[in-house]
Structure formats: C-alpha cells, structure tokens
Amino acid sequence: MAGPGRTTPAGDATYRELVRPLLLPSWLVIGILMVLPVALMAVYSFLTREFRGGVIWEFTLAAYDQFFFDRGLFGDEPPRIEWTYITIFWRSIWQAGLATLMCLVIGFPTAWFIATRPARTRGIWLFLITIPYWVNLLIRTVSLRFLLRDTGPMNGALQSLGLIDAPLPIINTNLAVQIGLFYSYLPFMVLPIYAAVERYNFALSEAAADLYASRWATLREIVLPVVKPGIVAGCILVFIPSLGAFLAPDLLGGAKTFMIGSLIDEQFRGSQGNWPFGAAAAMILMTLVLFVLLIYARAQGRAPR
Amino acid sequence: MKGVRHYPGFLALTILCLAVLYAPLIVVAIYSFNASTSITSWGGFSLRWYGEVFTGREAARFGQAAWNSITIALIASTVATVIATAAALAMVRGGAFRGRQASFALINLPLMVPEIVIAVATLIFFSAIGLTMGYLTILLAHITFCIPFAYLPIAARLEGIEATYEQAARDLYATRAQAFRLILLPLMMPGIVSGWLLAFIISLDDFIITNFVKGAGMETLPTAIFGSVKQGIKPNIMALSTLMLLVSVLFVTAAYLINRKGRQTP
Numbered sequence: 001m002a003g004p005g006r007t008t009p010a011g012d013a014t015y016r017e018l019v020r021p022l023l024l025p026s027w028l029v030i031g032i033l034m035v036l037p038v039a040l041m042a043v044y045s046f047l048t049r050e051f052r053g054g055v056i057w058e059f060t061l062a063a064y065d066q067f068f069f070d071r072g073l074f075g076d077e078p079p080r081i082e083w084t085y086i087t088i089f090w091r092s093i094w095q096a097g098l099a100t101l102m103c104l105v106i107g108f109p110t111a112w113f114i115a116t117r118p119a120r121t122r123g124i125w126l127f128l129i130t131i132p133y134w135v136n137l138l139i140r141t142v143s144l145r146f147l148l149r150d151t152g153p154m155n156g157a158l159q160s161l162g163l164i165d166a167p168l169p170i171i172n173t174n175l176a177v178q179i180g181l182f183y184s185y186l187p188f189m190v191l192p193i194y195a196a197v198e199r200y201n202f203a204l205s206e207a208a209a210d211l212y213a214s215r216w217a218t219l220r221e222i223v224l225p226v227v228k229p230g231i232v233a234g235c236i237l238v239f240i241p242s243l244g245a246f247l248a249p250d251l252l253g254g255a256k257t258f259m260i261g262s263l264i265d266e267q268f269r270g271s272q273g274n275w276p277f278g279a280a281a282a283m284i285l286m287t288l289v290l291f292v293l294l295i296y297a298r299a300q301g302r303a304p305r
Numbered sequence: 001m002k003g004v005r006h007y008p009g010f011l012a013l014t015i016l017c018l019a020v021l022y023a024p025l026i027v028v029a030i031y032s033f034n035a036s037t038s039i040t041s042w043g044g045f046s047l048r049w050y051g052e053v054f055t056g057r058e059a060a061r062f063g064q065a066a067w068n069s070i071t072i073a074l075i076a077s078t079v080a081t082v083i084a085t086a087a088a089l090a091m092v093r094g095g096a097f098r099g100r101q102a103s104f105a106l107i108n109l110p111l112m113v114p115e116i117v118i119a120v121a122t123l124i125f126f127s128a129i130g131l132t133m134g135y136l137t138i139l140l141a142h143i144t145f146c147i148p149f150a151y152l153p154i155a156a157r158l159e160g161i162e163a164t165y166e167q168a169a170r171d172l173y174a175t176r177a178q179a180f181r182l183i184l185l186p187l188m189m190p191g192i193v194s195g196w197l198l199a200f201i202i203s204l205d206d207f208i209i210t211n212f213v214k215g216a217g218m219e220t221l222p223t224a225i226f227g228s229v230k231q232g233i234k235p236n237i238m239a240l241s242t243l244m245l246l247v248s249v250l251f252v253t254a255a256y257l258i259n260r261k262g263r264q265t266p
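Going down the list, the sequences are from chains A and B.
Going left to right, the first sequence walks through residues 1 to 305 as the numbering used here numbers them.
Going left to right, the second sequence walks through residues 1 to 266 as the numbering used here numbers them.
Not one of these hints is a red herring.
Some chain B residues judged to face chain A by a derived CB distance under 8 Å, without partners named:
id, residue
1, Cys17
2, Leu18
3, Ala23
4, Leu109
5, Met112
6, Asp205
Within a straight-line C-alpha distance of at most 20 Å, the following computed EDC-like cross-link-like pairs (lysine to aspartate or glutamate) qualify:
id, chain 1, residue 1, chain 2, residue 2
7, B, Lys234, B, Glu52
8, B, Lys230, B, Glu52
9, A, Lys256, A, Glu82
10, B, Lys230, A, Glu266
11, B, Lys234, B, Glu58
12, B, Lys214, A, Asp250
13, B, Lys234, B, Glu219
14, A, Lys256, A, Glu266
15, B, Lys214, A, Glu266
16, A, Lys256, A, Asp150
17, B, Lys234, A, Asp250
18, B, Lys230, A, Asp150
19, B, Lys230, B, Glu219
20, B, Lys230, B, Glu58
21, A, Lys228, A, Glu198
22, B, Lys230, A, Asp250
23, B, Lys234, A, Asp150
Just so you know, the hints here were simulated from the structure itself, not pulled from any lab data.
Cβ atoms here follow ideal geometry from the backbone N, Cα and C, with glycine treated the same way.
Taking the hints into account, I'd like the entire structure generated from these sequences.
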C-alpha cells in the first residue's frame, strides 16, 4: 500500500529507453484480464437477466432496482425500500469493522512486542506471524470449523475441565463468522504495524518519560500519532478482504449469516442465479472499497512526510 | 524500570495472538494422525489417513486436482515473475516518466479489488468472449493476480541495488544485455526467487477466483477440498490439509532464507 517507490536519480535511469516495452506485458495482461473484465461487469449490471444464467443484451436498471426497492410480488405495487440486501451489506460492513477492531486490539500489542525484541529473536517472532499469512485460507477456515464444532476439541476440552456443561453453540452463528474474520486476517494487521513501529524513534518515548509522562500517556500522545500510517494500512488490509469474505461466512456461518461475498457468489450458481444482479452487487461492493481507499489515499497525501 | 519499550500485558496479548493463529492448525495436524474413523474421539496414533490420501477412494480425484494445482501454479508464477521483473526494471530504473503513477496503480490493482469482484468480472469476461471454462481460464486468471505478488519483492530488491554496478560494466564496454545478464540479474536473483515463491503459493492457495472460472469437472486442490468439506470434515481431508500446510511452511521458509541470504551479500 506504499507509494510507487522511489525513482532513481536521472543518471541511474539505466533502462529509460526501454520503459515502454518493459511495461507493455503488465499493461496488456492486467488491462485485458482485469480492467476490461471489471468494465464489462459494470455493463452487465445494466443488462437483462437470462434465466439459465447469463444475460440478454437489453439495457435495464432492474438489477439495481431489485437491490434497493421492493415492488411487490408482481412488480406493480408502489416501490418501498427493499431491506434484505441493504441489511446484508450493512451487516457485512459492521462485521468487517468489528473484525478490524478486534485485530487492532490484539495486533498492535503483538506488533509492538515483536518490534521491541532484540534483533536476534525478532526474526523468529516475525516468522511465526508470517507463516499463517501464507497458509491456505481455505485450510485455515476448515481447521477453525473443526476446532469450534459442537463436538470439537474446544468444547471437548472445556467440558472435560468442567467449565461448561453443554457444548457452546458457536458454529453456524454470527459469532463464528466474526471469529473467522478476525482469525483469517489477523496477520494482515500485525505486519504493517510492525513495519511502522520498527522505524519508530524510541528517543521520543524517552523524552516523554523524562518529562514525567506516564507509559500510557506516552503511548496515546506520542507513539500512536507517529505509527498511525501503519495502523491505518493494517486496518485497510483487514477491512477490505473481510468485507468481501466468502469462506468464513460459508464454512463457519449458518443460513442466517449471509455476507456480501455469499450473496454475490449465489447469483452465479446454477439456474437460480441472476448475473446482472450479482454484477450490480459486486459493483456496489467495489464502490464501497474504492471509497475507503480514496479516503485512505487522501489522508496519506495530507499527512506530513 | 524496564524502559520505554516495555508495556505490561503486551507479551500476554502476543501469546494470545499466536495461540489464535496456530491452535486450529495444530489441532487439525494432531487429529490427522488419529487412528479412529470418528473425527471426535482419539483412537491412538496412526498414519492411515495419509495412506488414504494417496491410495483411498478419493485418491484419484485429489491426485488429478493436485496435478492441476501444481502445473497451474508453476506456469502462472513463472509467467507472472517474468512480467513483474520487466515491470520492476521500468519502474525502478526508468527514471521519471509519464504514466509512472498509473502503471504502479495498474500493477497493484489485483491487490486493491476484492477477490470476489475479480472472480465475478473474470467469469463475465471469459463467458462473454466465449472461452470455455477450464484449465486455460484458471491459468489466465492466476497469471493476472500473481503479478503484484511477484512484483513487490522484486522491486524492493532492485531499489536496494545501486546503479553503479551496471554503470561500471557498461563503462567496460559490456552491452546492455551483458550488463543485465552478468551483473544485474544475479544481484536481483534473491528478489526474483522470493517473488516467484510467493506467487507460486498465492496461485496454489487460491479458491474464490478459481471456483468461479474453473467450469464443471475441473478441480484444483482447494476446490476439491472445498467440495469434500461441504459433506463434512473427514480424516483424510485433515491429512491432506496438514500436507498442504507443510508445503506452505517449506515455501515461506525458503523465501525467508533466500531473502536473508540476499541481504547479507550487497
């Protein structure tokens, strides 16, 4: 999420004449296989639904209309606000926000602790955080489902310790999805904060301590403002994938824990699907994400370097 | 007085953080050695489920899926690494040029757009141009989202290499190709290798996009595992998961060691 990196001084621009041919492959691949598809998705969200999946090339606002308005079973009643999908989006935003907060509460102290270790052990701690980051998210989510099951090891351990009488009904609830989002994206929070704390000048904290600031006042007044870019980057890296998450709600949640990701996925499954509606929901999700990124970019642009 | 770096309770939270991250993985790894057919009770140590992965009822299906996953990951990460290396040369060694900001945004676009949106857009695109969903569509999608993962370590490495090495070579009448092949490429190698390894893991792990563009009858390991898990978590899935976990750990360790070794030499 950093900027485009530093440019080499003009004299070091050894590949200046070759910029175009060197960039051409990435422009072509990402342009054709990502920018063009997203543009086409925007077009599809305004097309008419084909009932066997796919679309008919006739312009309509039906997909967005279905998302926001309820016109009764036959479409002839005066429009009322349709809450079903807005609720799913709102709950996704809320759950992603809560997951971000949970990750921050655990992730910041972890990042701080690791960054303040001596150089010799720091690498090992960091390595321990990095491994789950690269382990298959599907496998991690399946493992969490296994752990949280009613007859799973966690309930088994709590019961044999006599802490609970009956299994805690966690799996297939919103709580399980919440734990899943927190668990899925926790490393995404730790790593950028770690990078910020590692660059933090601890002389600032020492100066504050010399002036009789308490430990926690120093943290609040000095440390947090300085490492804020890392915190914000971590929050974005957790919030955005949480918002569009599919595996956590699908594998850990139940019938009532639909999130945006599951809603979109369903529109492209089999003959009950609705491609224009799925495209419209994806467009709305992407707009939300771009909005968050825009706020981030503007805040970064304003921040003193 | 332990100094300004110490905050009480931070060690406990760090341990909690690691416990949250590792508990599910460790529990599944332990239960993959369970002799019992039940996934609930412990029936003693056994390797039977690992045997089941390779010779059991689902072995052929998982074998084919693993073959697809590995070949797709090999091709996609290699192609993405070549594209990313070229892009990194232009971005880091190209000086200031028009469209530099836009190029950076474009290369990193796959990281900004939520996976489910990429999945939908790619499915729509392939079906609109009439491409049959299968091996090729998965491969094309993987090459695209692997590019930024390969790009970031390569560009970071290149930024740390001073241009003086190449300039010295050019001063001694090396052609640009020679200066690249004999000087710059070896210096960039740690970044290229770790970029390739990370792209490989990202491709091997992808589920959401693959699930959208794979078409009927085509499976990669994650989609095959997902299909099985939908009918309940069976012990052979836990053994397979543990094996994949091991592969990820090996790859990340390799990327880490190569990067560290690279940092010691210039």
